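Colleague: Construct the entire structure; sequences and hints are all you get.
Protein chains in written order, with full-length UniProt numbering: chain A, 1 to 300; chain B, 1 to 250; chain C, 1 to 312.
Hints listed in this document are in silico derivations from the structure and should not be mistaken for laboratory results.
Keep in mind it's a predicted model, so treat the numbers as computed, not measured.
For every residue, glycine included, the Cβ atom is placed at its ideal position computed from N, Cα and C.
One thing to keep in mind: the hints can contain errors.
Below are the BS3-like pairs computed for lysine-lysine, each with C-alpha atoms no more than 27 Å apart in a straight line [said to hold, decoys possible]:
| # | chain 1 | residue 1 | chain 2 | residue 2 |
| --- | --- | --- | --- | --- |
| 1 | B | Lys183 | A | Lys299 |
| 2 | A | Lys299 | B | Lys56 |
| 3 | A | Lys299 | B | Lys22 |
| 4 | B | Lys183 | A | Lys294 |
Ranges between beta-carbon positions, derived for each pair [to be verified]:
| # | chain 1 | residue 1 | chain 2 | residue 2 | range |
| --- | --- | --- | --- | --- | --- |
| 5 | A | Leu121 | C | Thr134 | 26 to 32 Å |
| 6 | B | Ala122 | C | Arg152 | 46 to 52 Å |
| 7 | B | Gly31 | C | Leu7 | 51 to 57 Å |
| 8 | B | Ser14 | C | Val93 | 41 to 47 Å |
| 9 | A | Val83 | B | Arg112 | 38 to 44 Å |
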Amino acid sequence: MDLAATILVDGLIYAGWLFIVSVGLTLVFGVLNILNIAHGSLYAIGAYAAASMVGAYFAWGGDAFPYGSYVAMIVAALLVALVLGPLLERGLLRFFYGRDEVLNVLVTYAVFLILEDVMKLIWGVNPYFVYEPYTLLGDVEMGPLFYVGYDFAVIAAAIIVGLAVWLSLNRTRMGKVVLAVIHDSEMSQTMGVNVQRIYLGAFMAGAFLAALGGALTAPMISVTPGLGVNVIIVAFAVVIIGGLGSIPGAAIGALMVGISRAASVHMLPEAELFIIYFVMAIVLLFRPEGLFAKTQARKI
Amino acid sequence: MTQAVLDVRDVQKSFGAVTAAKDINVSVPEGAVYSLIGTNGAGKTTFVNMVTGYIKPDSGVINFAGRNITGMGPRQITRLGIHRSFQIAQLCNELTVEENMVVAATIHKSARPSFWRNAHGAEARERALATLERFRIAEHRNRLIPELSGGVKKLLDIAMAIAGQTKVMLLDEPTSGVAADEKFPIMDLVIEALRAEGVTVIFVEHDMDIVTRYSDRVLAFYDGRIIADDAPEEVLSDPDVQRYVTGGAA
Amino acid sequence: MRTNLMLSAVGAFVLLAAGAVLLPDWAMFLCAMALAKGLVSLGIVGMMRGGLVSFGQGLYYCLGAYTATLVAGQLGVSDIFLLTLLSAGVCLVVGALFGPLLAGYRGIFFAMLSLALSMVLYGTLAKLTVLGGTDGLNIGAPTFFGWDPEGRALQTALYLYVAVLVVVAGTLMRIYFDSEQGLITLATRDNELRVEYLGASVRTVMSYNYVFGAVLGGIGGTIAALALGHVDPEFAFWTTSGEFVFVAILAGYLSVPAVFVAAIILEMVRSFSNLYFPNTWQLALGIFLLIVIVVLPNGLGSLVRRRKGDAT
Ligand SMILES: Nc1ncnc2c1ncn2[C@@H]1O[C@H](COP(=O)(O)OP(=O)(O)OP(=O)(O)O)[C@@H](O)[C@H]1O
Ligand SMILES: [Mg+2]
Numbered sequence: 001m002d003l004a005a006t007i008l009v010d011g012l013i014y015a016g017w018l019f020i021v022s023v024g025l026t027l028v029f030g031v032l033n034i035l036n037i038a039h040g041s042l043y044a045i046g047a048y049a050a051a052s053m054v055g056a057y058f059a060w061g062g063d064a065f066p067y068g069s070y071v072a073m074i075v076a077a078l079l080v081a082l083v084l085g086p087l088l089e090r091g092l093l094r095f096f097y098g099r100d101e102v103l104n105v106l107v108t109y110a111v112f113l114i115l116e117d118v119m120k121l122i123w124g125v126n127p128y129f130v131y132e133p134y135t136l137l138g139d140v141e142m143g144p145l146f147y148v149g150y151d152f153a154v155i156a157a158a159i160i161v162g163l164a165v166w167l168s169l170n171r172t173r174m175g176k177v178v179l180a181v182i183h184d185s186e187m188s189q190t191m192g193v194n195v196q197r198i199y200l201g202a203f204m205a206g207a208f209l210a211a212l213g214g215a216l217t218a219p220m221i222s223v224t225p226g227l228g229v230n231v232i233i234v235a236f237a238v239v240i241i242g243g244l245g246s247i248p249g250a251a252i253g254a255l256m257v258g259i260s261r262a263a264s265v266h267m268l269p270e271a272e273l274f275i276i277y278f279v280m281a282i283v284l285l286f287r288p289e290g291l292f293a294k295t296q297a298r299k300i
Numbered sequence: 001m002t003q004a005v006l007d008v009r010d011v012q013k014s015f016g017a018v019t020a021a022k023d024i025n026v027s028v029p030e031g032a033v034y035s036l037i038g039t040n041g042a043g044k045t046t047f048v049n050m051v052t053g054y055i056k057p058d059s060g061v062i063n064f065a066g067r068n069i070t071g072m073g074p075r076q077i078t079r080l081g082i083h084r085s086f087q088i089a090q091l092c093n094e095l096t097v098e099e100n101m102v103v104a105a106t107i108h109k110s111a112r113p114s115f116w117r118n119a120h121g122a123e124a125r126e127r128a129l130a131t132l133e134r135f136r137i138a139e140h141r142n143r144l145i146p147e148l149s150g151g152v153k154k155l156l157d158i159a160m161a162i163a164g165q166t167k168v169m170l171l172d173e174p175t176s177g178v179a180a181d182e183k184f185p186i187m188d189l190v191i192e193a194l195r196a197e198g199v200t201v202i203f204v205e206h207d208m209d210i211v212t213r214y215s216d217r218v219l220a221f222y223d224g225r226i227i228a229d230d231a232p233e234e235v236l237s238d239p240d241v242q243r244y245v246t247g248g249a250a
Numbered sequence: 001m002r003t004n005l006m007l008s009a010v011g012a013f014v015l016l017a018a019g020a021v022l023l024p025d026w027a028m029f030l031c032a033m034a035l036a037k038g039l040v041s042l043g044i045v046g047m048m049r050g051g052l053v054s055f056g057q058g059l060y061y062c063l064g065a066y067t068a069t070l071v072a073g074q075l076g077v078s079d080i081f082l083l084t085l086l087s088a089g090v091c092l093v094v095g096a097l098f099g100p101l102l103a104g105y106r107g108i109f110f111a112m113l114s115l116a117l118s119m120v121l122y123g124t125l126a127k128l129t130v131l132g133g134t135d136g137l138n139i140g141a142p143t144f145f146g147w148d149p150e151g152r153a154l155q156t157a158l159y160l161y162v163a164v165l166v167v168v169a170g171t172l173m174r175i176y177f178d179s180e181q182g183l184i185t186l187a188t189r190d191n192e193l194r195v196e197y198l199g200a201s202v203r204t205v206m207s208y209n210y211v212f213g214a215v216l217g218g219i220g221g222t223i224a225a226l227a228l229g230h231v232d233p234e235f236a237f238w239t240t241s242g243e244f245v246f247v248a249i250l251a252g253y254l255s256v257p258a259v260f261v262a263a264i265i266l267e268m269v270r271s272f273s274n275l276y277f278p279n280t281w282q283l284a285l286g287i288f289l290l291i292v293i294v295v296l297p298n299g300l301g302s303l304v305r306r307r308k309g310d311a312t
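Modeller: Written out as structure tokens, the structure reads:
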């Protein structure tokens with residue numbers, strides 16, 4: 001198999017993961033106008049919750065039907081969203097709506113710091129391993145290379161997430177209202193849309209997607225403190241490339257970053273750690289607000 | 001015959017499906033006072049925005065004193081001596097009235113403000129105070145912007161725009177948001193000050209009494225076009241203007 | 001005149017210098033580090049006055065630190081003044097290069113781009129084995145015009161040196177904040193459109209603030225490297241930059257001394273928490289940050305200095 005194909009496959013796998021971790025971030029920004037650093041914590045909590053859940057599943061006789069561990073992972077992500085979503089949105093973020101963007105980043109940075117330690121208090125500092133779901137799907141042979149089947153499942157999950165988000169935004173009444181709020185929240189408010197409910201719903205959806213990203217990643221890594229730190233910055237980059245608040249933008253951004261990183265790993269390993277930021281800087285140079293940003297001159 | 005200081009030729013501008021300027025042709029002689037009238041959304045602010053570089057026309061040419069200024073930005077155009085005020089006063093809300101004025105005076109005075117000289121020094125404050133006094137708002141000098149009435153905000157907005165080297169002044173609704181009994185005093189003050197210095201003035205106005213009293217010539221806008229361009233009495237008695245702009249006094 | 005400012009500067013120096021006599025070794029090291037980092041945050045405060053927050057000051061902190069380390073290691077320069085000057089110079093050049101480019105961006109985009117630049121440096125250094133990779137490099141003790149102190153004397157000298165830098169930089173920045181250009185920066189934060197329509201270039205305003213931030217970042221990095229005797233790519237990592245922002249927010253943009261007070265508070269909270277509750281210090285920090293944002297939106301500085309009126 002030639003280099004281009006390898007890069008493409010690796011890139012797609014990474015892009016799938018990137019999309020899952022960043023689509024929730026852009027959704028939350030689109031609706032709440034808050035760039036949520038705590039998205040990284042939700043990701044990490046999702047990973048821990050999934051690790052615990054899957055561990056418990058096998059401890060209680062899940063071996064008889066190992067595929068049930070996938071359900072356990074999704075349930076873990078749902079739980080995180082149901083508990084932390086309302087807690088953060090109703091309990092804190094709603095007091096900061098309409099405030100300065102950068103100030104709001106700092107508010108979520110504070111939440112991020114707090115959750116970092118809360119995780120240590122709950123799960124301790126020792127790593128968790130749950131490899132079962134990762135090996136369950138076997139290997140896939142592509143030419144001379146073997147890929148882990150689970151990696152392709154991540155691509156599939158990304159596609160499902162993307163379709164689900166797209167369908168629920170464009171094909172449901174609720175979704176259309178959300179799109180209207182993303183477009184112009186003041187306008188929607190005057191049109192009698194219950195913005196509060198939309199905000200809560202969007203934040204919970206974002207939290208679920210973050211936690212799902214973490215849950216899906218848990219079997220591939222050792223779950224340790226500090227997991228959320230790098231994820232959030234990478235997700236930021238993807239979302240900024242695509243244009244804040246744009247769902248298609250997140251997909252394109254994920255693909256661009258995924259492929260460029262895979263290319264750099266194979267062709268220019270020195271650049272691996274910063275290629276993402278490099279791509280972002282280049283995009284912003286030509287499109288100062290990202291690829292799919294809605295820019296309009298302020299009326300004066 | 002005085003020469004046209006501002007010359008707008010065949011200017012067009014649309015925002016998506018909205019045509020905000022269509023076949024705009026205007027020639028303003030030096031020292032004249034023009035007013036722009038028209039219903040909401042007729043394109044008056046768009047005209048001001050294009051002349052002052054906030055938005056670029058889709059096509060057409062804008063000349064100032066024989067120089068093509070189409071496509072220049074607000075800063076360049078301001079530096080040439082075309083100044084403007086805003087429909088909604090553009091002030092610095094976290095600064096006091098006096099500080100706002102100091103900022104304006106400092107920038108007008110020199111293209112290279114000092115990194116060293118104290119902006120709160122006696123000299124800078126005196127200069128600012130003089131202008132505030134001229135516009136009769138000196139008593140508010142230590143107040144923050146959100147505490148001010150609409151009229152004071154408008155006056156400060158205009159005061160900040162006027163500087164020694166103003167050649168053309170565009171006032172976007174100088175009396176909107178101003179109490180009824182303050183409108184004439186404000187216009188007296190502003191137009192007198194500008195006329196005295198020979199500044200060419202273009203102001204946007206909805207009040208026809210003010211239009212007749214202060215302008216030499218009126219441009220009536222409707223749906224992005226200029227439908228009348230004449231002396232105030234002529235324009236106000238024009239049937240099209242009565243129908244589309246003044247609403248037949250309805 | 002500026003008599004009040006000069007008196008405050010002398011007062012601040014006397015206060016800091018007293019620390020050289022009174023503080024035990026560990027506390028003096030802690031203060032030196034805090035003051036060095038405070039310099040970096042002071043640069044962020046300068047940008048905050050124009051409405052921009054850089055989440056990537058680690059770039060200059062790291063650049064300054066590595067410049068000093070490399071110059072010391074490769075060229076054998078150990079004079080602290082020369083090292084500081086060289087790092088500041090390098091950061092000035094790099095800042096002047098990126099400044100005008102970044103000055104066109106606002107809000108979150110400025111924050112993210114500055115962060116991206118610092119992460120590019122982080123990624124490069126972490127992979128560059130010639131420069132020690134993720135382990136970083138060591139730097140020897142500095143000399144002061146040929147004087148080569150050791151032990152407590154070295155500590156004291158370094159501490160006094162950073163104290164002088166802090167007082168000089170703080171005074172200069174205060175003069176700048178109160179200057180014509182400084183007031184225009186504040187106006188820009190409020191209403192860019194108005195500033196452009198007065199005929200001033202917002203981009204120029206932002207570029208200057210960025211370059212000042214770069215130089216201060218480089219100086220801070222140099223001192224930190226010398227105090228620690230070691231540099232590594234973490235200097236450019238985003239969490240390092242996050243701390244600088246934390247201090248700037250805690251201090252607010254009204255008062256210069258507040259920046260250094262905030263830096264010392266953070267450093268103290270960190271070392272005590274690390275000692276007594278290593279697993280909850282970020283939690284405390286987060287709650288602290290939230291409280292500051294809610295209770296003191298203009299930072300600690302608003303306790304001693306109000307925006308309205310003029311204290312100099
Ligand atoms: N930046 C913009 N983006 C989109 N549409 C705009 C923009 N500026 C103006 N328009 C549209 O162009 C048309 C003309 O607007 P303009 O502001 O020039 O009207 P106006 O005559 O100043 O009205 P008013 O009396 O309400 O101030 C309007 O339909 C307006 O909605
Ligand atoms: Mg208008």
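Colleague: Could you run down the list of hints and mark each one as holding or not?
Modeller: Results of checking the hints against the structure:
For the suggested pair B/Lys183 and A/Lys299, the alpha carbons sit about 25 Å apart, so the restraint of at most 27 Å is met. Distance hint between A/Lys299 and B/Lys56 is fulfilled; the C-alpha atoms sit about 14 Å from each other, no more than 27 Å. Of the pairs offered as hints, the one joining A/Lys299 and B/Lys22 holds, with about 19 Å between alpha carbons and a cut-off of 27 Å not exceeded. At roughly 39 Å between alpha-carbon atoms, B/Lys183 and A/Lys294 are farther apart than 27 Å, so this suggested pair is violated.
A hinted range of 26 to 32 Å holds for the C-beta pair A/Leu121 and C/Thr134, which are about 29 Å apart. Between B/Ala122 and C/Arg152, the C-beta spacing of about 49 Å keeps the proposed range 46 to 52 Å intact. Checked against the given bound of 51 to 57 Å, the beta carbons of B/Gly31 and C/Leu7, roughly 54 Å apart, stay inside it. For the pair B/Ser14 and C/Val93, the supplied restraint of 41 to 47 Å holds, since their beta-carbon distance comes to about 46 Å.
One distance hint, 38 to 44 Å for the beta-carbon pair A/Val83 and B/Arg112, is violated here, with the actual separation near 58 Å.
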